[in-house]
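S.K.: Taken in order, these protein sequences are the chains called A and B.
Everything in the first sequence is counted per the numbering used here, starting at 1 for the first residue and increasing by one.
Everything in the second sequence is counted per the numbering used here, starting at 1 for the first residue and increasing by one.
No lab work stands behind these hints, which were simulated from the structure alone.
Keep in mind that the hints are not guaranteed to be accurate.
[Stated by the list, open to error] Sample of chain B residues with no beta-carbon within 10 Å of chain A, all distances over it, derived:
# : residue
1 : Gly-5
2 : Arg-378
3 : Leu-409
4 : Gly-539
[To be verified] Quick look at which bits of chain B chain A covers, simulated, 3 or more residues with Cβ under 8 Å:
#  : stretch
5  : 51–58
6  : 70–79
7  : 213–221
8  : 235–242
9  : 292–299
10 : 510–522
Every residue gets a Cβ at the ideal spot worked out from N, C-alpha and C, and that includes glycine.
Next come the chains, spelled out residue by residue.
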Amino acid sequence: MSASIRDDGGLGVFATLRRGVALSPQLVQGAWLTLTLATVAALGKVVVPLVVQQAIDTGVSGTGDPDVNRVAVLAAIGTGVLVLSGLCSALVNVRLFRSSEGGLAHLRVKAFRHVHDLAVLTQNTERRGALVSRVTSDVDTISLFVQWGGIMLLVSVLQIAVSTVVMATLSWQLTIVVWLCFVPVALLSRPAQKRVSERYTVVREKVGAMLGAISESVVGAETIRAYGVAPRTQRRIDAAIDATRRAMVRAQVWVAVAFSSGVLVANGVLAAVVAVGVVLGTWGEITAGQLVAMIFLAQMFAGPVQMATEILNELQNAVAGWRRVIDVIDTPVEVVDPAPDGVDSPRGAAHVALRDVSFAYPGGPLVLRDVNLELPAGKRVAVVGATGSGKTTMAKLVCRLVDPAQGAVLLDGVDLREINGESLRRRVVLVPQEGFLFEGSIADNVAYGLRYAPGEEPSADEAREAVVAVCAELGLTDWYAGLPRGLDTPVGQRGESLSAGERQLVAIARAHLAGADLLVLDEATSAVDPATEVRIAQALEQLTHGRSTLTIAHRLSTAEAADLVVVVDAGEVVQVGPHRELVAAEGIYARLYEAWVAQTR
Amino acid sequence: MALTGSKVRRSLVLIGRGMRDEPVVYFWAVLSSGFFGALTVFVARAVGWVTDTVVLPALSGDVAAQGRWWVAGLLLLGIAVTLALSVAGRRIVAGLGYANLQAHHRTRVTRQYLRLPMAWHRQHPAGQLLSNANSDVEAATGVFNPLPFALGVVVMLFVAFGTLISVDPWITLAAFTIIPIVIAVNAIFQRRMSPAITHAQQLRAEVSDVAHESFEAALVVKSLGTADREEERFAAKADELRRANVRVGVVRAYFDPVIDALPNLGSLLVVVVGMIRLAAGEVEPGEVVAAAYLLTLLAVPVRAFGWVLGELPRALVGYERISRVVDAGGSLVEGTATLPAAAGPARVELRGVTVEVPTPRGPLALLHDIDLVLEPGRTVALVGATGSGKTTLASTVCRLLDPARGEVLLDGVDVRELSPDARTGAMTLVSQSTFVFEDTVRENVTLADPGDPAAPSDDDVWEALEAAHVADVVRGLEGGLDAPLGERGANLSGGQRQRIAIARALVRRPRVLVMDDATSAVDPRVERRILASLGEDDGSRPTVLLVAYRMSSVLLADEVVHLEAGRIVDRGTHAELLARDPGYAELATAYERDTERRAREAAEQAGDVEPEVTR
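Okay, chain A solo, but in the shape it has when bound (with noise of 0.2 Å):
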């Protein structure tokens, strides 16, 4: 499990596009009218060239006056040509935005969705910035990519095609010429860009550990605070911005180094076209008019090149962005949902065993060791057991968080692996220790406990009355009434207006508003004081009556009040009971009962 997620990535330019194409088929639907259009567009590019060439082959190189009406008809007609030209060019700009960016919508949310599918995320807790920023400042970084860059290279790409034909008409021998020009740009242009690349990729790590350096500045403020660090965090912020900082510049000296090369060969070509023109010329295979129309083209022809070799610069950092959210969206889910060709678990008082379970985290020692136990339904266990002893580990294989590495878990009989995962999560449900809350109210936040079918969203007071029934049920009517604004009091971010305790109170009333058949808690009171406790445990064993609770406790009250008690050592089960037979007989649970009552008398 947890194959963690690739950084530099493998894939190539072509290859990162292929597959982004490939999982974001909207950027190339619609694509050969658009090309037609921008085709068009092009010619807007021809028209000062062949109007100029007229102009000189008529009227100045002729023998007569100037024919300025012949000049002024012609003008106006390439006036036509550039308008028709510029509506096509509007035309599939906006094709290519919306097409663009309902792509990358597309891709922003599979990536997100995919982030949530990983283990992951609940298995590393610290730092999902750096997953946050796979689908967001990645998959910016090529929306404006293509809203400031992607389209002048299509354009430009099409320029350069339409310029070459018209530069053939007028001479085929200079049109070889400008070309040849370009071969060195074309040669250089890859190792240049392979350089650019590495940069820019430097430039993404910088960034990178940049924000993981100031995401502790802000998410460890309280820490930072107190332990009067923020010096040494500022030293470390300030060599990370610092390192961002040499990174960008080294990487735009070699854009720079790239950029004028391009602008070396733009205007070199044009002392080639007139030199070899004038020779040309002088044996009588051009026209003075030619010749002219031929400088502009070269510089028509050299503009667009420039312009896309800067695009291409571009490019590379816009690739490294969508190679990061390709590189997400390809990593293997660890835990993989059956759905839909999952088994449906029937509802009622869930059954758990365990068989020969075997657990390790990736490079870690074994956690759980051939585990086999029977969790009866509709009954109270209680799991105890030293830290680290592997409570938690069993809570998680359980909610299917994680898998076994050997044997398997069963839910009525079934292999949870086998059961789609809606029907899983609808029977069980997991409240872990940190009760997080999404920011907004309390009532938001129990009603997010919530069932229903896609569509059947509830009405807003159908949800509050639920909301209003489940607290009262817990007994939290009294609590939340002491609270400035009751019910509508305001969370904070991540709940952080709350208290430890007072998290744990909202996540119990939105995990019991889901009615679980299967309810876990891992040690979901532990910041509560123990008067709430005792009111909590005694409401939800009247609550729960019938169905199946697994509580993972430090507290023994808790293990007292379960019908079953399983004592975990060492990651194995050592002993199974009842809570009164434990405590009669010889062995750990009797010694933890006794320094539990020792402590808490």
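Starting from the structure of chain A, add chain B where the hints point.
M.R.: The following block gives chain B in isolation, referenced to the frame of chain A:
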């Protein structure tokens, strides 16, 4: 730092400030850009000159001119080389300015993150603050990328005007009719673009917030199976952003072709006017060619104004957001007082401390008029129901927030007057939620840079880890003290993380140790040993304020303070409170009574005993 005045004024100030921040860089930027601008015009002049002196005579049969083909070639090649060099210079300098300005902004913003108080942090989502330091900085400085180029274009236009006017006023007029139109189109564009871009940028931040929150809620999402719902929520925001981006795109879609066509139309006009002037014998053909060529050369540079103007709205928005952070006040003003070097436990006194938070209905008091003395070396347990204000009190003692009224004294000195070093050197807080830095175990404990002479030695670190009962865990990690923690580091359980955080506090040998339910995920027996290992009551044990629920922890305390709804109800030993404070008794005996109730119920069910009437 916030900008005021009209949009034009704000834009100019923004650019001005950036250039003033990097005077040397922008001196060279302006110089190289100006040189580039003049050279570009010179290219057109050269083309005109070559047309008149080489191309036309040579192709009309002038043998001398035919022999000069290489002169024309060399001249143009020389200009090409110089131009390329000036472009390289301009770009490198522009890149330097852009990168330096970003670094400046980031430094300013992050300094604020570290300076501003917790109250400010709690009001600002992490996602937003990260985007302030990243995408908003990029937006605010984006305009400096095309800026040197645009400056070069200004020079280019002046030089072009000078050259053309020396040739013919009518051609000049024809060539320069497009300039005001270009400026007008840019102005219209900017007005349309600005709100669209602001909107898109806002949505980008919102998308980031949703992603941040949703990923942080991963465990909840997974356990309730609400990934579909989260996907919908995210997709809705992403779609809003898509529409906003398309709206931005559509404005650009129409603007680009217009700005592209303008120089071409100008060229056509120049050709027509030029032919008329040529027919009148007022100009040479080469001069017409040069003028028309100049306009085609302008086709790309003229867009630079568009790039600058296009970036400006974005830059203003980004700059404003950064300003909001940089200008944010309300920081806790740090004092300068130091404490005498005497080690040993310190005395903490709270006098009439009232702490308030703002709510829509006015300030809400979390703590009312608290008077409390923690004598040196004593361990005081703070006990109270969930939400009674224990964490607020602990934060106030450590000065994570300041009281609205009253004062907190450390050895008689108001903590607000203490220097940060003096304060954090004497007091450490282990909070409810532990934060682990992406760093090695050693540095997570010492919070010092490697090689820092003031950092605790490895022996001290091991000692602290032993005291926190986490040394065995660390020994089991690959690399021991050098094992990385955090995202790419080892997986530690909640309890292990809490113990690392405790070691972090202990290694400082604090004079006051505040533990805010810092052992909630630690096994009770382990917790008891940790508390016992703080030291003997012989002056080596710090003053301890313990926010706790467990009676085991409470029993370790010399004294218990019972807090209820932000007020101290009673204080005394556990036994005293148990006897005289019914609220405390309820908290303290909750489990006991629960056990009794259960036993009773079991007995009732078994029908062994008559139900007790009351108790």
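S.K.: Does each hint fit the structure? Answer for all of them.
M.R.: These are the hints, each one checked on the structure:
1. Distance check for Gly-5 (chain B) against chain A: the nearest CB is about 28 Å away, which clears 10 Å, and the non-interface claim stands.
2. No beta-carbon of chain A is positioned within 10 Å of the beta-carbon of Arg-378 (chain B); the least distance is around 21 Å.
3. Non-interface status of Leu-409 (chain B) relative to chain A is upheld: no Cβ of that chain comes within 10 Å, the nearest being about 19 Å off.
4. With a closest Cβ-Cβ approach of about 24 Å to chain A, Gly-539 (chain B) is found to remain outside the 10 Å limit, as its non-interface label requires.
5. For the stretch 51–58 of chain B, the stated coverage by chain A holds: 5 residues have a C-beta nearer than 8 Å to a C-beta of that chain, and at least 3 were required.
6. With a threshold of 8 Å between beta carbons, the proposed coverage of the stretch 70–79 of chain B by chain A holds, since 8 of its residues qualify and at least three are required.
7. Evaluation of the coverage hint for the stretch 213–221 of chain B: fulfilled, as 9 residues show C-beta separations to chain A shorter than 8 Å, against a requirement of three.
8. With 5 residues having a Cβ less than 8 Å from any Cβ of chain A, the stretch 235–242 of chain B passes the three-residue criterion, so the hint holds.
9. With 5 residues having a Cβ less than 8 Å from any Cβ of chain A, the stretch 292–299 of chain B passes the three-residue criterion, so the hint holds.
10. A count of 4 residues in the stretch 510–522 of chain B with a Cβ less than 8 Å from any Cβ of chain A is obtained; the coverage claim is therefore met, three being the minimum.
In summary, the structure agrees with every hint in the numbered list given earlier.
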